[in-house]
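Participant: Now for the letters of each chain:
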Amino acid sequence: MTQPRHHPNQPIDADQQVLVEALTRRLHAEVDGYDAATRSRLNRARQAALAAAPSPGWAARAWALPVAAVACAAALALLFSTHWAGLPEAAMTALPAAMPADELAWITSAEAAGLNRQDPAFLAFVGSLADDDFDGAMP
Amino acid sequence: MTLTELVFNCADRREAPHAAAAARTRALDLFLRGVEARALRMAEFSVRERADALDIVQDAMLSFAKTYGAHSDGEWPPLFYRVLNAKIIDFSRRERVRRGWRSWRSLDALDETADARLTDLAEPGPARRLAGEALSAALIDALGRLPDRQRQTFLLRLWEGLSVSDTALAMGVSEGSVKTHLHRALHALREALVEHR
Chain Z
4 MTQPRHHPNQ PIDADQQVLV EALTRRLHAE VDGYDAATRS RLNRARQAAL AAAPSPGWAA
64 RAWALPVAAV ACAAALALLF STHWAGLPEA AMTALPAAMP ADELAWITSA EAAGLNRQDP
124 AFLAFVGSLA DDDFDGAMP
Chain R
1249 MTLTELVFNC ADRREAPHAA AAARTRALDL FLRGVEARAL RMAEFSVRER ADALDIVQDA
1309 MLSFAKTYGA HSDGEWPPLF YRVLNAKIID FSRRERVRRG WRSWRSLDAL DETADARLTD
1369 LAEPGPARRL AGEALSAALI DALGRLPDRQ RQTFLLRLWE GLSVSDTALA MGVSEGSVKT
1429 HLHRALHALR EALVEHR
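Protein chains in written order, with my numbering: chain Z, 4 to 142; chain R, 1249 to 1445.
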């Protein structure tokens, strides 16, 4: 193809203007002359496109989804961390109020079981516990 | 503020998102209604059959609405023609593969086959028969024989009225390329006009 003699930045001259107007007029006439079937098909295509378009409300709120997801994950992480980290400490601090853990272990040990059978005084002491309110103190 | 005004303001706020959605849909409808026929004519220049061109325009409208429907309506024209251009190129590639034209030519090589592909488009359509003007028909033929890029530049800049930057965005080329393609197109069309006379 022959190269243009004009610089690309040069504005359109009068001849070219006439040519452009004739062409665009013809193109508009062609487009206006599309038959009903073509118009109908374009209409259906447009309706399908409109139905597929994202909702503006959803688009405006789209930023909220990742923020909500991160917030939920953080809340769950906080809940689990406090629950699992706090449970052993709470259990250990709750025991002394009822009975010292070492005393409870001693009473249920094999040695204590032997004493139970051999020492009538110990048996009397244990029996007295059933009658009195036990305050955790040993005799 | 009276209680009535307060109630109406609250109602307006509840209705605002729905009104905005309806306005956006209406704007998109108007935009697509305005460009669809010209988009079809542009696609017809590049493919053989009107049915194929209609498929291309339908695909382009669907992809455009899905991808760019939520964008500002001022951005729509170049984005729509960018999508349309991509669909035309995709179709041309599929056609080449279907016909067994296996080659490693670049997209610019499409220009070389423009003459062969556009020969069929010289067949007069209903609108052309309706107008029946020899000169403008010769110009349309000359436009159809232009390389794809030159014709696209002409149509987008001078028919669709896009700016240089929007045309560059739509075609995926630099603004300098747009100016060069346009002047080559105008030069070729003027040569065709001289030959016709």
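If you are wondering where the hints come from, they were derived from the structure by calculation, not from laboratory data. None of these values were measured; they are calculated from a predicted model. Note that beta-carbon positions come from the ideal geometry of N, C-alpha and C, so glycine has one too. Be aware that one or more of the hints could be misleading.
Said to hold, decoys possible - If you anchor each label on the Cβ, the simulated ranges turn out as follows:
1) Z:Leu68 x R:Ile1337: 44 to 52 Å
2) R:Ser1411 x Z:Asp35: 40 to 48 Å
3) Z:Gln50 x R:Glu1443: 41 to 49 Å
4) R:Gly1420 x Z:Leu79: 39 to 47 Å
5) R:Glu1297 x Z:Cys75: 51 to 59 Å
6) Z:Leu82 x R:Leu1278: 29 to 37 Å
7) R:Ala1270 x Z:Pro69: 47 to 55 Å
8) Z:Val21 x R:Ala1275: 29 to 37 Å
9) Z:Gln20 x R:Ser1411: 40 to 48 Å
10) R:Leu1327 x Z:Asp18: 45 to 53 Å
11) Z:Pro69 x R:Val1345: 36 to 44 Å
Participant: Going through the earlier hints one by one, which of them does the structure break, listed in rising order?
Facilitator: Hints 1, 2, 6, 7, 9, 10 contradicted; others consistent.
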